[in-house]
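Q: Chain A is fixed; fit chain B onto it per the hints.
Here is how the chains run, residue by residue.
2 protein chains.
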Amino acid sequence: MSLKKEILHIAVQAQKASRFLVTLSGEQKNKALKAMAESLLKNKQAILKANKKDIEFAKGRKMPGAFIDRLTLTDKRIKKMSDDLMSVIALSDPVSQVIKMWRRPNGLNICKMSVPLGVIGIIYESRPNVTSDCAALCLKAGNAVILRGGKESIHSNLAIYKAISQALTKCGFPQGCVSLIATTDRAAVSIMLRLSNHIDLIIPRGGESLIRSVVENSKIPVIKHYKGICHTFVDKYADLGMAEEIAFNAKVQRPSTCNAMECLLVHKSVADKFIPRIVKRLKKAKVEIRGCPKTTKLVKGVKRATNEDYATEFLDRILSVKVVNSMDAALAHIVKYGSKHSDAIVTDNFPNGMKFLKSVDSACVYLNASTRFTDGNEFGLGAEIGVSTDKLHARGPMGLEELTTYKYMVMGNGQIRK
Amino acid sequence: MSLKKEILHIAVQAQKASRFLVTLSGEQKNKALKAMAESLLKNKQAILKANKKDIEFAKGRKMPGAFIDRLTLTDKRIKKMSDDLMSVIALSDPVSQVIKMWRRPNGLNICKMSVPLGVIGIIYESRPNVTSDCAALCLKAGNAVILRGGKESIHSNLAIYKAISQALTKCGFPQGCVSLIATTDRAAVSIMLRLSNHIDLIIPRGGESLIRSVVENSKIPVIKHYKGICHTFVDKYADLGMAEEIAFNAKVQRPSTCNAMECLLVHKSVADKFIPRIVKRLKKAKVEIRGCPKTTKLVKGVKRATNEDYATEFLDRILSVKVVNSMDAALAHIVKYGSKHSDAIVTDNFPNGMKFLKSVDSACVYLNASTRFTDGNEFGLGAEIGVSTDKLHARGPMGLEELTTYKYMVMGNGQIRK
Numbered sequence: 008m009s010l011k012k013e014i015l016h017i018a019v020q021a022q023k024a025s026r027f028l029v030t031l032s033g034e035q036k037n038k039a040l041k042a043m044a045e046s047l048l049k050n051k052q053a054i055l056k057a058n059k060k061d062i063e064f065a066k067g068r069k070m071p072g073a074f075i076d077r078l079t080l081t082d083k084r085i086k087k088m089s090d091d092l093m094s095v096i097a098l099s100d101p102v103s104q105v106i107k108m109w110r111r112p113n114g115l116n117i118c119k120m121s122v123p124l125g126v127i128g129i130i131y132e133s134r135p136n137v138t139s140d141c142a143a144l145c146l147k148a149g150n151a152v153i154l155r156g157g158k159e160s161i162h163s164n165l166a167i168y169k170a171i172s173q174a175l176t177k178c179g180f181p182q183g184c185v186s187l188i189a190t191t192d193r194a195a196v197s198i199m200l201r202l203s204n205h206i207d208l209i210i211p212r213g214g215e216s217l218i219r220s221v222v223e224n225s226k227i228p229v230i231k232h233y234k235g236i237c238h239t240f241v242d243k244y245a246d247l248g249m250a251e252e253i254a255f256n257a258k259v260q261r262p263s264t265c266n267a268m269e270c271l272l273v274h275k276s277v278a279d280k281f282i283p284r285i286v287k288r289l290k291k292a293k294v295e296i297r298g299c300p301k302t303t304k305l306v307k308g309v310k311r312a313t314n315e316d317y318a319t320e321f322l323d324r325i326l327s328v329k330v331v332n333s334m335d336a337a338l339a340h341i342v343k344y345g346s347k348h349s350d351a352i353v354t355d356n357f358p359n360g361m362k363f364l365k366s367v368d369s370a371c372v373y374l375n376a377s378t379r380f381t382d383g384n385e386f387g388l389g390a391e392i393g394v395s396t397d398k399l400h401a402r403g404p405m406g407l408e409e410l411t412t413y414k415y416m417v418m419g420n421g422q423i424r425k
Numbered sequence: 008m009s010l011k012k013e014i015l016h017i018a019v020q021a022q023k024a025s026r027f028l029v030t031l032s033g034e035q036k037n038k039a040l041k042a043m044a045e046s047l048l049k050n051k052q053a054i055l056k057a058n059k060k061d062i063e064f065a066k067g068r069k070m071p072g073a074f075i076d077r078l079t080l081t082d083k084r085i086k087k088m089s090d091d092l093m094s095v096i097a098l099s100d101p102v103s104q105v106i107k108m109w110r111r112p113n114g115l116n117i118c119k120m121s122v123p124l125g126v127i128g129i130i131y132e133s134r135p136n137v138t139s140d141c142a143a144l145c146l147k148a149g150n151a152v153i154l155r156g157g158k159e160s161i162h163s164n165l166a167i168y169k170a171i172s173q174a175l176t177k178c179g180f181p182q183g184c185v186s187l188i189a190t191t192d193r194a195a196v197s198i199m200l201r202l203s204n205h206i207d208l209i210i211p212r213g214g215e216s217l218i219r220s221v222v223e224n225s226k227i228p229v230i231k232h233y234k235g236i237c238h239t240f241v242d243k244y245a246d247l248g249m250a251e252e253i254a255f256n257a258k259v260q261r262p263s264t265c266n267a268m269e270c271l272l273v274h275k276s277v278a279d280k281f282i283p284r285i286v287k288r289l290k291k292a293k294v295e296i297r298g299c300p301k302t303t304k305l306v307k308g309v310k311r312a313t314n315e316d317y318a319t320e321f322l323d324r325i326l327s328v329k330v331v332n333s334m335d336a337a338l339a340h341i342v343k344y345g346s347k348h349s350d351a352i353v354t355d356n357f358p359n360g361m362k363f364l365k366s367v368d369s370a371c372v373y374l375n376a377s378t379r380f381t382d383g384n385e386f387g388l389g390a391e392i393g394v395s396t397d398k399l400h401a402r403g404p405m406g407l408e409e410l411t412t413y414k415y416m417v418m419g420n421g422q423i424r425k
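Going down the list, the protein sequences come from chains A and B.
Under the working numbering, the very last position in the first sequence is 425; numbers go up by exactly one each time.
Under the working numbering, the very last position in the second sequence is 425; numbers go up by exactly one each time.
Extracted from the complex, chain A is given alone in its bound form:
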């Protein structure tokens, strides 16, 4: 079979399976999830063996330690993958929920009801747990899923996929419910991205270059997560003790994440007091500071920030700091350099707080809290398939609800249009 035919075949099977999935009750889906979770544990040895191959290959290619760590599976990590599937069972079924229902003067009953999207394609990089995670979340939302992982984890992904597939077959689910593109040929992705008659949504999970290349080539709608250049603005009316805790947390608690702060904006009237204190604490935590001219005057030994710094998602222990003359200047800075992900204000002034929440055009805007809370679990969504920096369909942390669409069910007793 040619590669094109092979990918098309997978997509057609997935579409067929999606018509099966749409008819299932929550109970039936949960039964399958449980079987999947158990099958991961049962096939642990096979998965670990496959993972070893990937690790050896990565070591041979002298990949960095962090990369190999992300790739590595252990007994504990497989247990965690299995547990994660079990926790999806506990989430409420996002499908067949009545979003709204109303009655028209002519007696028509219109019901806006949540339904699965259909077929979802996930394109991801080297974490093998994404394979089981995404399969479970898509399935719970009634969607068929086509998985395409990075070539570095192909053996692990195949072994995980096999375990999942066995479980689904045992539960009487058709093959296409979860598919994995087994070839590492890059052309497979380009082919997949053109199948807009068969695939309803593409979610890329990985670095910015992966996402940009998917967007550039896709004829299917894509939900993107570009980057998080998150700001914390310490207002003139901030409780500086609180501001310190929030800023420190936003930068240091886990600097490698998209919701970590990359730029601290400080109102000029509190800069003298606040900047030396927070910089001292950050430096102790080994954070490199890159400051505006005023910042460098306030604290010795601070590197000057360039415009490029303000536009960079460091994902590391680096922070740019800028003193602003007014709240409007802070807002203008966020417009210019922000990434519409997560931004926070610390203030005790009500109008300023409200103005910030309303004006800043980001997925998540915070008043007196750390931007690190932008996360499906922290929001209480129970699960997260990603954080969308798009505005269409889904914005911010995406849970199960965002993996559904709706349709209108219109029930009448013979109504015709006049």
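All the given hints hold, so there is nothing to weed out.
For identical chains, the list gives no copy identity; a pair is met inside one copy or between any two copies.
Under the rule of at most 27 Å between Cα atoms (straight-line distance), these lysine-lysine pairs were calculated in the DSSO-like manner: (1) 291 with 301; (2) 119 with 107; (3) 23 with 234; (4) 226 with 11; (5) 243 with 310.
Rather than coming from a laboratory, the hints here were simulated on the basis of the structure.
A: Just chain B now, with coordinates in the frame of chain A:
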């Protein structure tokens, strides 16, 4: 200024204006809408004069009568445009609505709130009233709008745009709130469709070829309305009197619309009774019937339907008719030939009705009612900017709510992540 710079300038101004619009109250937006409605009437003579130019040009190019009719403005039609703007005032503000709000165990208050999308681009064909309609709906939802109409109505569009602009300026609104791309150069559209940093959504309004070309070229999310190949399935358990009224209405009441029926499916056990009767009535209404072999046996003088007929949106007094052996066969036909727009079942059997509503993957699914109700006004949305055949973001009739997105406003008192 080069064309590229010109279009970019328009988009940048629109983005600036969108930051102004997001801060407005419903009252302020309504005041502007009222001024726009009044300005259309005040500038009636100028609009009619400009429209005359377009009509003369179209007549010179020997455009068909229906085309010229759509293009033509009269006193009455301008009054209607103005009235339509006034009726947008009466609609409730879709912005700053709390969609959901909840409190996390750590005391964070998370508010999912509706907000404008930002900048919307509308690409449309020759109806000049789209200019004022879309401007009003986008504005009411707090969005800046960039309008790009067909070259056939360029003079009318410019005159309408001028009237709207004057009103907005008088109300103190910045230029970019409503923009019109004045050049008829086709390259302008390609340039516009690449400005994904400035425009948040593209809505094409027109025929399938316009939409396909927009989708092919756009780097901005597009909400599409492809076509409506709508089915009515007359089940074994249908009330045949009701089925006749519904089918007749769905085909004949306005055949040129996307929600008109294009294919009638009839269960074999009622075909003998139902088909002769409905065909007789449709023929009287000058509808051409193209039938399956069984249909042609039941009624004399009926043309045989081809597979291509089943896949065609006739938008005319033509109907394909097919006898099916079972409900599953009807569902399979809809999967194969349907366009996911609107499909109906007529039945008195509860399980069959529910199965149809659940299984058919269309934006609107009907039980015992005409598909002609797929329409923003008929649904009670108060307005309609289009009917989406997409599944992402908006599906089916799009009202004001679908011109918004949401953001999460998270309010705390010093919460940090552990």
